[in-house]
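Residue numbers (this note's numbering), protein chains in the order written: chain G, 1 to 492; chain H, 1 to 296.
I should point out that these hints are in silico values taken from the structure, not numbers from a laboratory.
As the structure is a computational prediction, the values presented were derived from the model and not from experiment.
Errors might be hidden in some of the hints.
[Stated by the list, open to error] Computed list of lysine-lysine pairs in DSS-like fashion (alpha-carbon distance at most 30 Å, straight line):
#1 K48/G - K141/G
#2 K48/G - K262/H
#3 K408/G - K257/G
#4 K178/G - K141/G
#5 K178/G - K114/H
#6 K416/G - K386/G
[To be verified] For each label pair, taking beta carbons as the anchor points, the in silico distance ranges come out as:
#7 W331/G - R259/H: 56 to 62 Å
#8 S141/H - W112/G: 31 to 37 Å
#9 R116/H - P142/G: 34 to 40 Å
#10 S477/G - K262/H: 32 to 38 Å
#11 D189/G - R259/H: 58 to 64 Å
#12 G31/G - N261/H: 24 to 30 Å
Ideal Cβ placement from N, Cα and C applies to all residues, glycine included.
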Amino acid sequence: MAHTTRTQNLGPGPIRVPAGDLPTTSTSRTGTVDSALDRLWGLLTSMKFGLLLILAFAAFGLVGTLLIQMPAGVADDPQARAGWLAEVRPKYGGWTGILDQLQFFTIFQSVWLRAVGALLAASTIACTMHRIPGTWRTMTKPHVNVGPTFFEHAPQHEAMTFQRAPADVLAATEQVLKRRHYRTVTEDDGTVRIYADRNRWQPWAGIAGHFSIVVILAGAMVGSLWGFRDSQFMLAEGATSAVPTEAGLSITLNSFKDTYYPDTGAPSDYVSDVVLTRDGRTVAQQQVRVNEPLRYGDVSFYQAFFGPAAVVTVKDAAGATLFSQGVPLAWTSNNGGNKVGTFSIPRQNIAVWVVATTGPDDPSVKPGQVAIELYASDTGNPIVQKSIDQGTPTTIEGLTYTFDRESKYTGLNVAKDPGTPIVWFGCLLLVLGFMVRLFVPYRRIWGQLASRPDGGSSLSFAAVGRRDSDLDAEFTSLVTDIRQAVTGPARS
Amino acid sequence: MGKLAEYAFVAGTLSTFLALVGYVFYALSGVRAARMAAAGVPMTTAGIGFTSGPRTASIGHYASLLGWLSLSAIAASLVFRTIATGHGPFSNMYEFSIAFAFGILCAYYWFERKYRQRVLGLLALPVALALLAYAATVPASIEPLVPALQNNMLLTVHVATAIVAYGSFTIAFAAALLYLIQPATGRWGLPRPAVLDEIGYRAIVIGFPFLTLTVVLGAVWADTAWGTYWSWDPKETASLVTWLIYGAYLHARVVRGWRGNKAALLLLVGFGATLLTYFGNLFFGGLHSYSGLAGV
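The task is simple: from the sequences and hints, build the whole structure.
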């Protein structure tokens with residue numbers, strides 16, 4: 001988008017009428033629609049409009065960094081939302097309600113950001129498409145004959161006269177341009193018109209860089225449509241759990257280990273040793289660390305968090321084991337702040353909560369104990385609550401519960417994002433596109449060569465572009481080279 | 001090695017301070033020369049830039065020498081620190097601030113060699129000095145890396161590209177400020193607005209692709225460590241905002257009505273966003289909380 005105006009305004013290319021300014025004489029219905037579409041196209045391809053959209057997006061982004069944002073999940077739950085708003089009210093005072101109404105606490109999901117983002121994407125697509133024909137023409141069929149006034153008014157221009165015949169001058173000039181990696185196109189209508197450019201493919205890098213933004217957004221959309229994410233996937237040591245949405249795939253945690261630096265007590269490593277099985281067959285085994293996710297197909301498992309677990313065994317009156325597994329104590333009770341976890345017993349209408357002690361001062365759960373709280377699965381009504389000692393089978397409501405030992409659980413982030421490869425492709429295009437566009441110089445110069453009555457020739461060169469010391473230096477050095485090549489090495 | 005790094009850091013900070021004093025004297029001498037020239041006293045002018053008084057050039061020369069000394073000392077400090085810690089010197093606010101100052105000095109001296117506009121040093125060096133002074137106030141102890149940062153390649157490249165970008169943006173900021181404080185016809189013998197505009201643009205041309213690379217590498221790292229390439233983490237978002245503002249600047253420079261003052265203003269805003277991105281992890285919270293400052 002940014003880079004055509006320079007040549008469109010100053011360059012000698014064919015004059016293009018902006019779509020928005022096209023005369024709309026037709027009054028028919030289709031004519032009205034056409035003119036509205038033209039106006040829309042004119043708006044979307046306007047760089048000024050694009051510029052304002054970029055700044056608007058940046059402004060909303062700034063809101064998102066400066067205001068506390070609602071955590072995921074809170075926004076959709078009215079109760080949690082109200083609680084969260086009450087929490088931030090002391091900070092934002094009377095503005096809290098207004099900011100909430102404006103969706104400023106969920107700015108990244110807000111209608112504002114989505115609207116500006118969609119317009120920005122549309123503008124980027126429109127600008128990119130708008131530029132392609134012109135860029136293609138300039139590359140394949142450059143405008144060679146630019147008329148005499150251009151050589152007087154261009155930002156860089158130089159006129160030279162030589163004793164030698166035009167044919168010799170042209171040959172020497174072409175050689176110099178070739179040595180400097182310029183492509184030369186000439187036309188001869190009595191006067192030889194010269195056009196030369198270097199790195200003529202460079203504008204395509206700019207187009208690719210802009211287009212990559214659309215690619216990245218498309219990748220993000222694919223991810224949100226067909227991907228899934230469970231960032232609260234918990235697994236106690238020794239436990240096996242099915243991987244959500246992946247039929248037949250399950251994951252087992254062999255062990256979890258958290259280690260700390262002896263001097264500072266800062267964490268040094270979190271390692272989950274996991275096994276992935278598909279229909280009973282082991283398909284992957286890995287130590288998952290923070291920077292080393294397990295990737296299987298397009299599903300990835302990341303180390304996210306961890307905590308304590310309690311291994312509990314439940315047997316029925318006949319002594320058959322109904323449940324024996326580590327229970328992640330991943331939640332905290334509202335009253336007392338105990339770590340709690342839950343599981344349900346197959347074919348029994350019972351939800352079991354396991355409550356850990358908070359320490360020697362805990363009135364209800366002593367160290368070395370857990371409390372077992374039973375609730376009805378369907379109604380959620382409490383049935384009974386009892387603290388049990390570690391290693392002592394205790395019968396509650398006809399079933400025998402044993403708190404075997406303490407252990408650990410790991411919290412994994414399980415994600416499947418089919419859009420990721422698209423995003424990476426877009427990122428590659430983005431970086432390469434802008435690097436090439438901004439680091440590789442694109443140069444164009446025009447010349448005209450005419451014979452003089454005395455058998456000599458006159459040669460003019462001119463280049464377009466904002467005055468810039470690099471551009472000036474290159475133009476001067478090019479012209480000097482040509483002069484020398486025509487007249488031979490300077491006599492000293 | 002850790003001790004050597006600290007000595008080199010102190011030496012670098014002191015010479016940056018002395019260099020800044022040199023640049024102040026250089027500027028004073030230059031302004032005086034400009035005033036004398038305006039009063040009709042014959043002066044030598046060096047093409048573009050400051051009018052040279054009798055002593056201006058030699059003061060400027062010594063100021064630059066001191067600056068080069070500080071650049072070398074800080075480079076040495078970073079090298080020693082890298083050897084001492086075994087990873088790129090980018091893992092906490094102490095290391096990152098010194099690296100940022102290094103980036104500014106590098107960018108400044110690249111531009112000084114290319115454009116010979118020492119007045120920019122008057123604005124760029126204080127920023128570098130402020131960062132060095134800030135580094136002196138935060139804990140310098142070498143702490144082992146927490147699990148999330150244990151990725152030597154990405155830690156080094158992700159932050160090194162950020163340093164290049166931030167250094168260039170500081171030069172663009174200095175050029176834009178000098179651009180905005182004078183009318184189009186020039187004032188006080190400062191570099192001409194056209195030259196400053198070019199310097200600002202060139203700085204963004206270098207910095208913008210590097211910031212792009214920083215954000216993309218950040219996304220790659222986030223995908224490895226956090227399980228998603230983008231999570232609207234405050235620091236992520238702030239860097240996107242910075243990227244957008246400089247992107248807007250690149251467009252503004254070729255849009256009628258936005259060239260000149262408004263474009264220069266965007267460079268100031270962009271630098272504000274850069275600083276917000278840089279210091280953001282101190283008050284945003286979020287996933288980038290590696291400042292090494294306990295209780296923050």
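Status of the hints after comparison with the structure:
{"no.": "1", "hint": "K48/G - K141/G", "result": "holds (29 Å)"}
{"no.": "2", "hint": "K48/G - K262/H", "result": "holds (13 Å)"}
{"no.": "3", "hint": "K408/G - K257/G", "result": "holds (8 Å)"}
{"no.": "4", "hint": "K178/G - K141/G", "result": "holds (19 Å)"}
{"no.": "5", "hint": "K178/G - K114/H", "result": "holds (28 Å)"}
{"no.": "6", "hint": "K416/G - K386/G", "result": "violated (41 Å)"}
{"no.": "7", "hint": "W331/G - R259/H: 56 to 62 Å", "result": "holds (59 Å)"}
{"no.": "8", "hint": "S141/H - W112/G: 31 to 37 Å", "result": "violated (44 Å)"}
{"no.": "9", "hint": "R116/H - P142/G: 34 to 40 Å", "result": "holds (36 Å)"}
{"no.": "10", "hint": "S477/G - K262/H: 32 to 38 Å", "result": "holds (34 Å)"}
{"no.": "11", "hint": "D189/G - R259/H: 58 to 64 Å", "result": "violated (37 Å)"}
{"no.": "12", "hint": "G31/G - N261/H: 24 to 30 Å", "result": "violated (41 Å)"}
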